[in-house]
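All chains, please: the whole structure from these sequences, using the hints.
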Amino acid sequence: MSALLEVTNPEVTNPVEPFLRMERIPHIWCPGCGIGTTVNCFTRALIESKVDLDRVAIVSGIGCSGRVAGYLRLDSFHTTHGRAIPFATGLKLANPSLNVVVYSGDGDLFAIGGNHLIHAARRNLDIKVICINNLIYAMTGGQTAPTTPGEAITTTAPYGCYEPAFNLCALADSAGASYVARWTTYHVRQLTKSMSEVMRKRGFCFIEIISPCPTLYQRRNKMGDGLDTMKYYKQKSKVRHGAPTSELAITKDGEIVVGKFVDRDRPDYLELMRSRLSEQLGDRYVETENLVCS
Amino acid sequence: MSTIEVSAASSQPTRTDSHVTNDFSIQVATVNGSGSQTANTVLMRALFQMGIPVSGKNLFPSNIAGLPTWFTIRASKHGYIGRKKEIDFLVAMNPETAQEDVRKLEPGAAVVYDEPLKLNTVRSDLHFYPVPFDRLVGPVCPEARLRKLVRNMIYDGVVAQLLGIDMEEMRTALYKQFGPRKAKAAELNWNAVKAGYDFAAANLVKTDRYRVERMNATAGKIIIEGNAAIALGCVFAGVTVVSWYPITPSSSVIEALTTYLRRFRIDKETGKATFAVIQAEDELASIGMVIGASWAGARAMTATSGPGISLMAEFTGLGYYAEVPAVIVNVQRVGPSTGLPTRTMQGDILSTAVLSHGDTKHPILFPSSPVECFTMMISAFDLAEYFQTPVFVFSDLDLGMNNWMSDPFPYPTEPINRGKVLTAEDLDRLGGFARYKDVDGDGVGYRTLPGTRHPKAAYFTRGSGHNENAGYSEREDDYMNNMDRLAHKFEAMRSRVPAPYVDIDQRAHVGIICAGTSRYAVEESRDQLRDEYGLQTSYLRLKAYPFTPQLSEFIRRHERVYVVDQNRDGQLLQLMRLELDPDEIAKLRSVRYYGGLPLDARTVTAEIAAQEGF
Ligand SMILES: Cc1ncc(C[n+]2csc(CCOP(=O)(O)OP(=O)(O)O)c2C)c(N)n1
Ligand code: SF4
Numbered sequence: 000m001s002a003l004l005e006v007t008n009p010e011v012t013n014p015v016e017p018f019l020r021m022e023r024i025p026h027i028w029c030p031g032c033g034i035g036t037t038v039n040c041f042t043r044a045l046i047e048s049k050v051d052l053d054r055v056a057i058v059s060g061i062g063c064s065g066r067v068a069g070y071l072r073l074d075s076f077h078t079t080h081g082r083a084i085p086f087a088t089g090l091k092l093a094n095p096s097l098n099v100v101v102y103s104g105d106g107d108l109f110a111i112g113g114n115h116l117i118h119a120a121r122r123n124l125d126i127k128v129i130c131i132n133n134l135i136y137a138m139t140g141g142q143t144a145p146t147t148p149g150e151a152i153t154t155t156a157p158y159g160c161y162e163p164a165f166n167l168c169a170l171a172d173s174a175g176a177s178y179v180a181r182w183t184t185y186h187v188r189q190l191t192k193s194m195s196e197v198m199r200k201r202g203f204c205f206i207e208i209i210s211p212c213p214t215l216y217q218r219r220n221k222m223g224d225g226l227d228t229m230k231y232y233k234q235k236s237k238v239r240h241g242a243p244t245s246e247l248a249i250t251k252d253g254e255i256v257v258g259k260f261v262d263r264d265r266p267d268y269l270e271l272m273r274s275r276l277s278e279q280l281g282d283r284y285v286e287t288e289n290l291v292c293s
Numbered sequence: 000m001s002t003i004e005v006s007a008a009s010s011q012p013t014r015t016d017s018h019v020t021n022d023f024s025i026q027v028a029t030v031n032g033s034g035s036q037t038a039n040t041v042l043m044r045a046l047f048q049m050g051i052p053v054s055g056k057n058l059f060p061s062n063i064a065g066l067p068t069w070f071t072i073r074a075s076k077h078g079y080i081g082r083k084k085e086i087d088f089l090v091a092m093n094p095e096t097a098q099e100d101v102r103k104l105e106p107g108a109a110v111v112y113d114e115p116l117k118l119n120t121v122r123s124d125l126h127f128y129p130v131p132f133d134r135l136v137g138p139v140c141p142e143a144r145l146r147k148l149v150r151n152m153i154y155d156g157v158v159a160q161l162l163g164i165d166m167e168e169m170r171t172a173l174y175k176q177f178g179p180r181k182a183k184a185a186e187l188n189w190n191a192v193k194a195g196y197d198f199a200a201a202n203l204v205k206t207d208r209y210r211v212e213r214m215n216a217t218a219g220k221i222i223i224e225g226n227a228a229i230a231l232g233c234v235f236a237g238v239t240v241v242s243w244y245p246i247t248p249s250s251s252v253i254e255a256l257t258t259y260l261r262r263f264r265i266d267k268e269t270g271k272a273t274f275a276v277i278q279a280e281d282e283l284a285s286i287g288m289v290i291g292a293s294w295a296g297a298r299a300m301t302a303t304s305g306p307g308i309s310l311m312a313e314f315t316g317l318g319y320y321a322e323v324p325a326v327i328v329n330v331q332r333v334g335p336s337t338g339l340p341t342r343t344m345q346g347d348i349l350s351t352a353v354l355s356h357g358d359t360k361h362p363i364l365f366p367s368s369p370v371e372c373f374t375m376m377i378s379a380f381d382l383a384e385y386f387q388t389p390v391f392v393f394s395d396l397d398l399g400m401n402n403w404m405s406d407p408f409p410y411p412t413e414p415i416n417r418g419k420v421l422t423a424e425d426l427d428r429l430g431g432f433a434r435y436k437d438v439d440g441d442g443v444g445y446r447t448l449p450g451t452r453h454p455k456a457a458y459f460t461r462g463s464g465h466n467e468n469a470g471y472s473e474r475e476d477d478y479m480n481n482m483d484r485l486a487h488k489f490e491a492m493r494s495r496v497p498a499p500y501v502d503i504d505q506r507a508h509v510g511i512i513c514a515g516t517s518r519y520a521v522e523e524s525r526d527q528l529r530d531e532y533g534l535q536t537s538y539l540r541l542k543a544y545p546f547t548p549q550l551s552e553f554i555r556r557h558e559r560v561y562v563v564d565q566n567r568d569g570q571l572l573q574l575m576r577l578e579l580d581p582d583e584i585a586k587l588r589s590v591r592y593y594g595g596l597p598l599d600a601r602t603v604t605a606e607i608a609a610q611e612g613f
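Residue numbers (numbering that gives the first Met the number 0), protein chains in the order written: chain W, 0 to 293; chain Y, 0 to 613.
It is worth saying that the hints were derived from the structure and are not from the lab.
From a predicted model like this one, the values you see are computed outputs, not experimental measurements.
We treat Cβ as the ideally placed atom computed from N, Cα and C, and that holds for glycine.
Be careful, since some hints might not be right.
[Said to hold, decoys possible] In silico DSSO-like links for lysine-lysine, alpha-carbon gap of 27 Å or less:
#1 49/W to 192/W
#2 49/W to 259/W
#3 147/Y to 230/W
#4 147/Y to 221/W
#5 221/W to 183/Y
#6 221/W to 76/Y
[Claimed, not checked] Ranges of calculated distance between the beta carbons of each label pair, as one might list FRET restraints:
#7 72/W to 17/Y: 51 to 57 Å
#8 78/Y to 92/W: 57 to 63 Å
#9 284/W to 594/Y: 31 to 37 Å
#10 144/Y to 270/W: 55 to 61 Å
#11 144/Y to 201/W: 47 to 53 Å
Here you go:
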């Protein structure tokens, strides 16, 4: 369990407490779950990056990971399963001054929502996508996800998964993302730094976090509890900044390459629209600050 | 501390002599993921084995582990197996909810609780039984890691002692639950049950009214979840292709189905599977795969819940219009959107009856019990193939995920009906066919399956305008003729869908109509209305949409007819309004419940009594 969320004693003030909806704690996550750790990193990244918190909006889909939006004391929205990105797209276009963060699970973002993700990356829409990859659908009881590595046991693959899995970083990269990184929940410092970077970066940013689901994935695959998984991550992961994303496939017990793989500057969707339309329309193209009726 | 001291402090009512036998509900309040399910199932099974009608309902949160859950077991000598609103016997294991759980009880209820919770200080009109669970679990379970799970078995023993449940039946139920392969675990758990029993026998003085006695009302019955019954129905219906996307409360349909298919549908000679199950990337893909497989000639199905049904809307329209069979199970939960994903509702009736755009109408079957889950899956596949259209089967979370006492399933007597499919030989004889021509007068055309070796077999079908020969057409008359034929086909279904269950009381001026799991509350409520208000009622339980002529007949016979709905807007009633005559509609009254719990008789009785002016 994340140290952060254990703190309920009012005497002890945790630096990230102001970012949480403390009235909703205790949270729903199991002991040893990695999701809370990522929230801890994220709140620290909010502090470090010194972004205007009134301008940060969090959007989640559905799943254990999708519950993150509900615990953050920010403007936050829990959408339907798989549709966090279309919602976030509308949000960003209506009010470009918002720093829009999509925080959700691998199933939500890459199975039912996969199409939306690659299109947002293609447009280089200025949103930050934080994907908690626990290699399964947890909320529904541990079924195979498009990220489940070969041979891993799930409720729907009792003899081991035989479908090839997506390489999320490669997918985001090839669809056009401006920033692509991967960490595990063991790498709290590096993860915090990446999160902090993307909060200040323009364009479609993608961070994959390999995260344990001890209750459903690790237990079925005899990989121990939350602590064992931290040891496993420490032992198996290898930092390779700038590694070609095609080399990042995750296997059941193989190496986990982590690091920042892509950090490039491409005009984002709004810049592209602005430059094309002003080029074509000249003075007739006028842009309002935002489209929100006030 | 023992209870004797507690009663000496007169913090609980004195011993009551009027016994209540085999008529109460036990609620176990625990934490999700704490492994109490085994303990609860054992308790329920032991009562069942004693011949007492039982039902079990699990109220759980949308989370994997750590939030409060309540499991309710109802024992009813009258055979009522719907939810009982009042809790008579509480087992309070969850510190987080214990106080509130106790506050909600009616006076005279019994409470077994974890001693440190000191619940006896909360009220003085209940019967309290403190149990030092932590102290008892140590000696029976040396391994600290397992104590959290084994602790639950202790309350089983305490409850068995207090209610007088036969320990031999507890033992049988427990060993059955663990199975022969987990004999060691079974022994460990059995010792915990015994420890609880012995503690209660030595330290607790029974003061509450509730007890059990052997009866003979469960002989020949089985206990099963609706979702497993649906899965078995699919196996007997000859399903070959299954495509799905996980969603509570329907996932266990496919999980059970996969297990059954692996067991029963591997070809003995070749060792090859005679089925395919694929987990799709979302519900849109799963219905697409079902329609593709059905077009190829497979018996294909999917199972989902409300959000999935919404995503299947466009494809369902294609199935309707291109006339491709599909079987879609909807285990309904509370909406709209993600609503209350682990609570029950019948709220998708109206939207599904006309799911998709344009003029569409789809048959829906409403199973109310495991037996009907089983038989109606077979009907659903036959109807889908005969009428070449998507057919929906509407269960709900209550039926699907809870344990039900059930009659054994009837072995199918009719052969599978694959509908109007032409073979190469047929085509030789006929010299060709027109895919969308109404040859037999029931609106259903003949189809061939792709791959049929005959020069006249292949046809091109589509979701856009077409004529009788499946040719592309934007002509006004082609479109209208086609739509009229589809409407006619829908009419023809009325004589083929399962007819309603009807129970006419000759003296009754009042009728009650419901569908699916509402029946348990309604059937019990009819007895309450009769016994408490002297109100005789007739009863009609719908098994299908489109409605059959019995519905109008029933309404015409009565002065007032209550339609019971498990949704806010009275969707079943609204659907009737679309079809009935104005004088029939004028007789309809609405009874609605939409709080997410299984419907209970008291709610129905109170509402009807109020509207009747009692
Ligand atoms: C349309 C729809 N289909 C299915 C579901 C059921 N569902 C809820 S969460 C979930 C999967 C979540 O997996 P993931 O995004 O990996 O998150 P995790 O729970 O693993 O954190 C599914 C299938 C739903 N809510 N809506
Ligand atoms: S089920 Fe898995 S992902 Fe969900 S809260 Fe528990 S550990 Fe975390």
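Hint check: residue 221/W vs residue 76/Y, CA-CA at most 27 Å. Holds or violated? 46 Å, violated
Indicate whether the distance between the beta carbons of residue 144/Y and residue 270/W respects the range 55 to 61 Å. 57 Å, holds
Decide if the proposed pair is consistent with the structure: residue 147/Y and residue 230/W, CA atoms, cutoff 27 Å inclusive. 26 Å, holds
For the pair supplied as a hint, residue 147/Y and residue 221/W, confirm whether the alpha-carbon distance does not exceed 27 Å. 20 Å, holds
Is residue 49/W within 27 Å of residue 192/W, Cα to Cα? It holds: about 12 Å lies between the C-alpha atoms, which stays within 27 Å.
Taking the Cβ atom of residue 78/Y and the Cβ atom of residue 92/W, is their distance within the range 57 to 63 Å? Check passed, 60 Å falls within 57 to 63 Å.
Take the C-beta atom of residue 144/Y and the C-beta atom of residue 201/W, compute their distance, and say whether it sits inside 47 to 53 Å. Cβ of residue 144/Y to Cβ of residue 201/W: about 50 Å, so the range 47 to 53 Å holds.
Between residue 221/W and residue 183/Y, is the straight-line Cα distance small enough, at 27 Å or below? This hinted pair holds, its Cα atoms lying about 21 Å apart.
Against the 27 Å threshold, does the CA-CA distance of residue 49/W and residue 259/W hold or violate the hint? 21 Å, holds
Satisfaction of the hinted span 51 to 57 Å by the C-beta atoms belonging to residue 72/W and residue 17/Y: 55 Å, holds
Given a hinted range of 31 to 37 Å, is it respected by the beta-carbon distance of residue 284/W and residue 594/Y? This hint is violated: roughly 54 Å between Cβ atoms.
Hint check: violations occur at hints 6, 9; the rest are consistent with the structure.
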